[in-house]
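Listed in order, the protein sequences are those of chains A and B. Residue numbers for the first sequence follow the numbering used here, beginning at 1 and rising by one. Residue numbers for the second sequence follow the numbering used here, beginning at 1 and rising by one.
Treat the hints as calculated values from the structure; they're not laboratory data. Warning: the hint list may mix true and false statements.
[Claimed, not checked] Now the in silico label distances, taken between C-beta atoms and shown as ranges:
#1 B/G103 with A/Q27: 29 to 37 Å
#2 A/R18 with B/E16: 45 to 53 Å
#3 B/D52 with A/R61: 32 to 40 Å
#4 A/T56 with B/S84: 27 to 35 Å
#5 A/S67 with B/S120: 24 to 32 Å
#6 A/S14 with B/P9: 38 to 46 Å
[What the hints assert, rightly or not] Rough simulated footprint, nothing fancy, chain B against chain A, three-plus residues with beta-carbon under 8 Å:
#7 39 to 46
#8 49 to 57
#9 85 to 92
#10 96 to 107
Yeah, the Cβ is synthetic: ideal placement off N, Cα and C, and Gly gets one too.
Residues per chain are reported as follows:
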Amino acid sequence: ERVMTQSPDTLSVSPGDRATLSCRASQSVSSGLAWYQQKPGRAPRLLIYSVSTRATGIPARFSGSGSGTEFTLTISSLQSEDFAIYYCQQYDNWPLTFGQGTRLEIK
Amino acid sequence: QVQLQESGPGLVKPSETLSLTCTVSGGSISPSYWSWFRQPAGKGLEWIGRIDPPGDTVYNPSLKSRLTMSKEPSKNQISLKLTSVTAADTAVYYCARETEVPGQRWFDYWGHGTLVTVSS
Numbered sequence: 001e002r003v004m005t006q007s008p009d010t011l012s013v014s015p016g017d018r019a020t021l022s023c024r025a026s027q028s029v030s031s032g033l034a035w036y037q038q039k040p041g042r043a044p045r046l047l048i049y050s051v052s053t054r055a056t057g058i059p060a061r062f063s064g065s066g067s068g069t070e071f072t073l074t075i076s077s078l079q080s081e082d083f084a085i086y087y088c089q090q091y092d093n094w095p096l097t098f099g100q101g102t103r104l105e106i107k
Numbered sequence: 001q002v003q004l005q006e007s008g009p010g011l012v013k014p015s016e017t018l019s020l021t022c023t024v025s026g027g028s029i030s031p032s033y034w035s036w037f038r039q040p041a042g043k044g045l046e047w048i049g050r051i052d053p054p055g056d057t058v059y060n061p062s063l064k065s066r067l068t069m070s071k072e073p074s075k076n077q078i079s080l081k082l083t084s085v086t087a088a089d090t091a092v093y094y095c096a097r098e099t100e101v102p103g104q105r106w107f108d109y110w111g112h113g114t115l116v117t118v119s120s
């Protein structure tokens, strides 16, 4: 099983600033990495797939990068609606696994 | 627009079977891959299992011995059964559609989720 570890657990950022979230895999997941955003009481929302491809309707301020075992989600200029929990998910191997999440909060 | 709606009992007794249904609208379930996930309160997401167009399944090894997934094309529904539940199975359960891009396993459509509590 690929264990996914996100850091930090909580990130405090001011609106308008940049946020950088990290995701590390216990073994290579190649390019099989997606990012989701989740707000309280809501289902996850797909942001990024294949490491760096934005899903339909996702603003350009969201970007993904990385390869192998190290991945990053960057939000270039935080808007109020971006404060949420973010999860990475690997889909290179069964079982599909998620990181524990990074909570992005307003500073 | 594809929409998914989970349904089932909100309360299940320990040792009994948890049964959930995911009803899909806006498209046929037949050509797509469908997964179940769960999320305990305040915790992260866990993938439970997947069912493919022919009805073949892949399960999370941690749940495999207790899990059955199936589908009913005539009702456009996906089902999940988890036996011998304990309090550790208390969670919000989600169904989701896997992308239609072959060989890729991210999830573009999700249900709203349904809370299942295991308690006597």
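Verification of the supplied hints:
1. B/G103 with A/Q27: 29 to 37 Å: Taking Cβ atoms as reference, B/G103 and A/Q27 lie about 19 Å apart, which means the hint is violated.
2. A/R18 with B/E16: 45 to 53 Å: holds, 49 Å
3. B/D52 with A/R61: 32 to 40 Å: holds, 35 Å
4. A/T56 with B/S84: 27 to 35 Å: violated, 40 Å
5. A/S67 with B/S120: 24 to 32 Å: Given a distance of about 49 Å, which is not inside 24 to 32 Å, the answer is violated.
6. A/S14 with B/P9: 38 to 46 Å: At 44 Å between Cβs, range holds.
7. 39 to 46: Three-residue rule met by the stretch 39 to 46 of chain A, so holds; n is 5.
8. 49 to 57: holds (count 4)
9. 85 to 92: holds (count 3)
10. 96 to 107: Per the Cβ count (6), the hint holds.
The earlier numbered hints that this structure contradicts are 1, 4, 5.
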